[in-house]
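Chemist: Here's the letter readout for the chains.
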Amino acid sequence: MGGGAGTVRTTTLSERLGANRFEIDEEESHIVVDQELCRTTGTGKAIIAVCPAGVYTERDNEIVVDYAACLECGTCLVVAAPGALTWRYPRGGFGVNFREG
Amino acid sequence: MTTQGGEPDFDVIVVGAGPAGSVTAYRLAQQGLSVVLIERGDAPGAMNLSGGILYGRVLDTVFPGFADEAPVERQITRHVTTFLTPDSAVSLDYRSDRLSEPLDAVTVLRAKFDPWLAGKAEGAGVFLMPGVRVDSVLTETGPDGRPTVVGVQAGDDQPRARVVVAADGVNSFLARGVGLRGKDPTNHLAVGVKAVVKLPRSVIEDRFGLTGNQGAAHAIVGDCTLGIGGGFLYTNTDSLSLGVVLRLDDLVRSGRMAVEVFEHFLEHPGLAPYLHDVKIREYGSHLVAEGGYDMVGALAMNGMVLVGEAAGLTINSGLTVRRMDLAIGSAIAAADAVAKAIGTGDVTEAGLAGYRRRLEESFVMQDMRTYARAPKFLERSGMYRAYGELATDLFHDMFALDGIPRKHLLAVARGAFKRSPVSVRQLMSDGWAGVRAL
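Chains A and B, in that order, are what the protein sequence lines are.
The first sequence maps to residues 1 to 101 in the working numbering.
The second sequence maps to residues 1001 to 1438 in the working numbering.
Don't read these hints as lab results, they were simulated from the structure.
If you're wondering where the values come from, they're calculated on a predicted model, not measured in any experiment.
One or more hints might be untrue.
Claimed, not checked - Subject to a maximum C-alpha distance of 20 Å in a straight line, what follows is the list of computed SDA-like cross-link-like pairs (lysine to any residue):
no., chain 1, residue 1, chain 2, residue 2
1, B, Lys1279, A, Arg99
2, B, Lys1120, B, Asp1060
3, B, Lys1279, A, Arg21
Modelling step: build the complete structure from the supplied sequences, incorporating the hints.
Modeler: So this is what it looks like as structure tokens:
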């Protein structure tokens, strides 16, 4: 379209996340998954699909959580089956710190 | 948690320094009450994100002429609605000076705008406490035998107040903790995925046809989001806010990943004229509760009220999502009702009932009711894909001279309909439903 205009240079998810400022809480994760419930309820697949930050990946039939990349939207929590996911906000000051918003 | 006894440390604790919290705190302090505004971020706005459009009329009633003083980006004077297919676009382009005088919509970046608003509250005497996460509310058994909120738990601290205002956003753990809100169904929820990209000011003005502090808001539906939800592209002073809003039930059903849909949007050739050579500045996401009027439940209990998104106040009209103006409207209603309740010494649910009444009388609930059918209308899937194809097909037949003898417009339209899955009957039915819902 537009006389062969090219597409925008692709950014990868990690490049986009890399542009953000995060204050990582090294002591505690604000996300905990119940592996068994994630498998049996389909929660694992759902949270992998909806998370815009790619926090959740699957490795060896287990959900791996990269909580440091969390954008704190809470979308995973609303698609999770009861008990499959514990998600709260990081402690005060920690987590993503928007400079734009 | 249940505690007993103790005098309140403040008249009011407001949790969350977004527009809802800061305006509530500001108005309460103005009426002489002692107010603490507790914010999880190290600074107000650090945890906050929105698509970027603030309908400013209501804030202008609180701070007249705010747009001249506050760090707003651009005044929206041009609204473009685009139906996109893989290789074509049909746009409706509305531009008017009437959109800037009186002020209508401005773009904002929350990490810059929210500190200004919180600063206004501080200036009125509000005690701002940043970097503190409120974990839950403290309750005691009230005189009516029901739970009464008497303060909050924040780490090891338990500040107490006559009234707690939960302005803690769409996920409102405070409202959920006391059962004021349950779990929302996924057809009431959407995820917004957004990027802010840098572009020189003059380039923005050239590409979007703007001068001075004029701004453009593009709403985009169709192929750019693979038919799931819609996209937006807004101009800031020297950056663009762009992204997608995807309804969770549609997203899960599609088998796509949110990241994948966002990247498809970013790379869509239809957007390339606006987005080439941009530099990524920030990436974020936000949960959008778009259940409309049906989603607003109880707004008060003994000692506590909900404002803004925590109260479920969001309108998705299909082309724009409104949150901040409703948040500010609810803040005005809540602050005035809370001040009155404290004045009379009755902060029970009954004493705080004036909040609901004021809200119902204001534009907030009137608009929520006006758009009550919008969520159902937007479930009619034709909106986002088939209509774009129909429209681009129609315009192609009108404008492309391919050697085949021309037909009258009516015949062209009939042909386009024949090729489209959309029937004239369905178009009229959707059109009628749309007129009634929006």
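Chemist: For the pair supplied as a hint, Lys1279 of chain B and Arg99 of chain A, confirm whether the alpha-carbon distance does not exceed 20 Å.
Modeler: Measuring from Cα to Cα gives roughly 15 Å; hence the hint holds.
Chemist: Tell me if the straight-line CA distance from Lys1120 of chain B to Asp1060 of chain B falls inside 20 Å.
Modeler: Within the cut-off at roughly 13 Å; holds.
Chemist: With a cut-off of 20 Å on the C-alpha distance, tell me whether Lys1279 of chain B and Arg21 of chain A pass.
Modeler: The hint holds at about 16 Å.
In summary, the structure agrees with every hint in the numbered list given earlier.
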